[in-house]
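Protein chains: 2
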Amino acid sequence: MQLLVQRVDIAGRGAFIHEEDARRLGVFDGDRLRVLYPETGKSTPIVVDITTSLLTPGTISLYNVTCTDLGLGDGDMVEVHTAIPPSSIRFIRKKMDNGRLTAEEVLTIVRDMVNEALSLNEITAFVTASYINGLDIDEVESLTRAMVETGEKIEFAGHPVVDKHSIGGVPGNKITLLVVPIIAAAGLTIPKTSSRAITGAGGTADLMEVLAPVNFTAEEVQMMTDRVGGVIVWGGSTNIAPADDLIIRVEYPFKIDERGQMIASVMAKKFAVGAEIVVIDIPVGPTTKVHTMQDARRLAQDFIEIGSRLGMQVECAVTYGDSPVGRAIGPNLEVAEALSVLEGAETPNSLIEKSVAVAGILLEMAGKAQRGEGEEVARSLLASGAALEKFREIIAIQGGKPDVRSSDIIPGAYQAEIPAPVSGYVVSLNNSGLVTVARIAGAPHDKGAGIYCNAKIGTQVRKGETIYTIYAESQELLNRALEEARRLYPVVVEGMLLDRIPQDSIELDRMD
Amino acid sequence: MQLLVQRVDIAGRGAFIHEEDARRLGVFDGDRLRVLYPETGKSTPIVVDITTSLLTPGTISLYNVTCTDLGLGDGDMVEVHTAIPPSSIRFIRKKMDNGRLTAEEVLTIVRDMVNEALSLNEITAFVTASYINGLDIDEVESLTRAMVETGEKIEFAGHPVVDKHSIGGVPGNKITLLVVPIIAAAGLTIPKTSSRAITGAGGTADLMEVLAPVNFTAEEVQMMTDRVGGVIVWGGSTNIAPADDLIIRVEYPFKIDERGQMIASVMAKKFAVGAEIVVIDIPVGPTTKVHTMQDARRLAQDFIEIGSRLGMQVECAVTYGDSPVGRAIGPNLEVAEALSVLEGAETPNSLIEKSVAVAGILLEMAGKAQRGEGEEVARSLLASGAALEKFREIIAIQGGKPDVRSSDIIPGAYQAEIPAPVSGYVVSLNNSGLVTVARIAGAPHDKGAGIYCNAKIGTQVRKGETIYTIYAESQELLNRALEEARRLYPVVVEGMLLDRIPQDSIELDRMD
Chain A
1 MQLLVQRVDI
11 AGRGAFIHEE
21 DARRLGVFDG
31 DRLRVLYPET
41 GKSTPIVVDI
51 TTSLLTPGTI
61 SLYNVTCTDL
71 GLGDGDMVEV
81 HTAIPPSSIR
91 FIRKKMDNGR
101 LTAEEVLTIV
111 RDMVNEALSL
121 NEITAFVTAS
131 YINGLDIDEV
141 ESLTRAMVET
151 GEKIEFAGHP
161 VVDKHSIGGV
171 PGNKITLLVV
181 PIIAAAGLTI
191 PKTSSRAITG
201 AGGTADLMEV
211 LAPVNFTAEE
221 VQMMTDRVGG
231 VIVWGGSTNI
241 APADDLIIRV
251 EYPFKIDERG
261 QMIASVMAKK
271 FAVGAEIVVI
281 DIPVGPTTKV
291 HTMQDARRLA
301 QDFIEIGSRL
311 GMQVECAVTY
321 GDSPVGRAIG
331 PNLEVAEALS
341 VLEGAETPNS
351 LIEKSVAVAG
361 ILLEMAGKAQ
371 RGEGEEVARS
381 LLASGAALEK
391 FREIIAIQGG
401 KPDVRSSDII
411 PGAYQAEIPA
421 PVSGYVVSLN
431 NSGLVTVARI
441 AGAPHDKGAG
451 IYCNAKIGTQ
461 VRKGETIYTI
471 YAESQELLNR
481 ALEEARRLYP
491 VVVEGMLLDR
501 IPQDSIELDR
511 MD
Chain B
1 MQLLVQRVDI
11 AGRGAFIHEE
21 DARRLGVFDG
31 DRLRVLYPET
41 GKSTPIVVDI
51 TTSLLTPGTI
61 SLYNVTCTDL
71 GLGDGDMVEV
81 HTAIPPSSIR
91 FIRKKMDNGR
101 LTAEEVLTIV
111 RDMVNEALSL
121 NEITAFVTAS
131 YINGLDIDEV
141 ESLTRAMVET
151 GEKIEFAGHP
161 VVDKHSIGGV
171 PGNKITLLVV
181 PIIAAAGLTI
191 PKTSSRAITG
201 AGGTADLMEV
211 LAPVNFTAEE
221 VQMMTDRVGG
231 VIVWGGSTNI
241 APADDLIIRV
251 EYPFKIDERG
261 QMIASVMAKK
271 FAVGAEIVVI
281 DIPVGPTTKV
291 HTMQDARRLA
301 QDFIEIGSRL
311 GMQVECAVTY
321 GDSPVGRAIG
331 PNLEVAEALS
341 VLEGAETPNS
351 LIEKSVAVAG
361 ILLEMAGKAQ
371 RGEGEEVARS
381 LLASGAALEK
391 FREIIAIQGG
401 KPDVRSSDII
411 PGAYQAEIPA
421 PVSGYVVSLN
431 NSGLVTVARI
441 AGAPHDKGAG
451 IYCNAKIGTQ
461 VRKGETIYTI
471 YAESQELLNR
481 ALEEARRLYP
491 VVVEGMLLDR
501 IPQDSIELDR
511 MD
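Protein sequences appear in the order of chains A and B.
Every letter in the first sequence is one number past the one before it in full-length UniProt numbering, and letter 7, counting from 1, is 7.
Every letter in the second sequence is one number past the one before it in full-length UniProt numbering, and letter 287, counting from 1, is 287.
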């Protein structure tokens, strides 16, 4: 990609001062100053960076945003004084020293994170210390409440408010596109805020975006949900639990997801929308976040405990995470698959079963079905076309085309069918291999990119039969995805030599 | 203090790109891009920040320094590609998960720190993880070697090269001003790099600066030391162990000083100057870094072990850290006190005894004195005037006035004598209280600011007799220091009511 260079003043926080002034003030790199603009009477604390080369003694470089906040222009004079660090620094240090934080201390840290009184470095220290020393259940509760308190909340007219969340790690997990319309069709309120893929091939927000806009404010989410009973939007446009974004930002380079912070992150988003009934989907498998049933049960207990402390009814669904849900991976492919089920298709089985199972639990919890009958009620809402009808209302209210059909959603024009190298049973679908290949093919940005699994685990295939198909929106990305596929073998047929697939055995088709 | 606002492009690393381009590239906040300028063929990895407001899609904001490095100007086009994170990220994660790092892994982390391949956030995670999970002796050795390898080294003509270091925490510890000239006068080579005060009232570099410039390059340090046998300079101007500055930068807000990192920091600086014989001064006391004799011995063992692995002979002097060394605290006051001892004064006892003890150990280790006779040899180098003569050579070669006398160094003109509120024995000199008052009075920036302890522990005083004197360079700072002194009671006389000292009992004198 080519980009035009443009030198601009950048946003951010902090300031540069000359080393001489720093010594006069007695401050060091990372210390805080309070900058006061006497003309406007406005002041703000800033973290200083010290330089000897960028400016002359007697001057201060302030970022644009700070200047705008204080009403400052070039050449204005400001008063600066040393400022004491916020008390949250002391509480972060306490967590570094393996102390237990009180609710008050956690709230102070989270508030200072959101108010930008803490630098990203300092937030990193907090997250690292929490990751290493752990957060106990009281601290997780405090963190959840603090995240809610420092962000926006939504109140809905319809009750009960129900919600679902999957902790992730399984490709093709498009069940939200089925669960939300089923639940809303049952007359319940389900304001689903969802995420975009970070390391996956398509988050729920990426999928829904194929059908309708997903960027809405909290107020818009409230209005739309109250109108039709449900929405599927991107959580990032609301200001719900903004501290969570900061935590994710500093965890990101290290690919960590501290258990307590993860629970707080999920539960804060549910609590902020007033959810009363919640199901958490915990996929278990070697490539998901939770590797054993035992770990899943322990995690489920914590979710349920935090829910009960916050007055939410929480149940957890421990699900199979070894291979993709359904056959499609990547935005358009997944949306077409979900829509086809809403339209009445009876496959793929794994998608339908998981969707009605999760929806069924919610229906039972909300009293819309007897114990043990939730799944049947969900299935009939699907079969009757009520869920499809509701999904069209949701698409319409979010500004999409309600009359869209699954056959309208077409995958990328460049595709390659991967043949079975030997005859035998499919014994393994490697989640991370499939996601890597789908991402290299362009997903989630290229909505048409992805993978369709022609065979799933246990399928008997003959040599030369297609086991999966890669889709892309350009020949170049398709070629790159193919190279990676040859290296990763994301689908394994029993007895197949784990050797290079000969290049001439792969057919490259151009669809149109 | 008033400063002129000036909006400037700032230095640093990283780049801003628009969210749309970030999604197209598949990168998130904190991910890395490689930016290539085809015209010059130069490229560099950068960490991206994502924005929706600062620029339009298709553009990239690069910091000045990056532009200069690549030869870029406004309006030039660059190629950007996603870049994989450096492998040091993985090793930092390993330390977060309480793994033991190999020498190779530690070197990779330290090299990436110095090369700016790691962001300050990522360095914070490493330092926090090392602080919490600790570094074992092998890791400390690796860290020491890595710090040396990634910085400048100095080789001296004269041998053996000897060095001393105090791990700090005791006010008034000006012994380096005596030890260096004594050792150099004995014909040994002692290239002393020292620090400025961070939380103290005067680091050795702040003191020496009263007499001569202290900012020199490594090459200048080498030349000056080879000429006169010793120097006392600020370590920050050399590029010895630059990784240490980064570690200190991120530790600073939390006032932590991880034991392994502290040992590596000290030993790397000694190893980089080729020190063969080293004494480490470990002050023990309630307000120093080491609180018990047992902790001091354990720390000493680690210093000795790392020294032996690096081929350095190390001994440790565990010293009394409960109250100040000598009577003076603050640059001018301390320098005058040290100079007066070199000129032949026989007090203060604690300063002379500690200086000849440390110098004596070095003389014995270097074979300049028999075991048990080092202190005597040190004392005679002091008494003969040889140390004073050598100190004058050092001052001269660093560009100061060699004929300076202790009486030339005068304290701040604004001073207040604090009277004993009752008659009795002085029972406590509170280190941190004394330092706080000295700093509020202006030390170490205002060279004349500080405290002179007229009475020390065990001194019998009568009510109204001066127990200590505060010096400042302005009435305002003197007043502020007095207020703090009334609150902190840094000197306690037995039987004294820990109540406010009545304001009219304090005499405010203007000296000139």
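Hints listed in this document are in silico derivations from the structure and should not be mistaken for laboratory results.
Careful: at least some of the hints might be erroneous.
To be verified - With a straight-line cut-off of 35 Å between C-alpha atoms, the simulated DSBU-like cross-links for lysine-lysine are:
no., chain 1, residue 1, chain 2, residue 2
1, B, 94, A, 289
2, A, 42, B, 255
3, B, 289, A, 94
Structure versus earlier hints, numbers of those that do not hold, lowest first: Of the numbered hints given earlier, the structure breaks none, since each of them holds.
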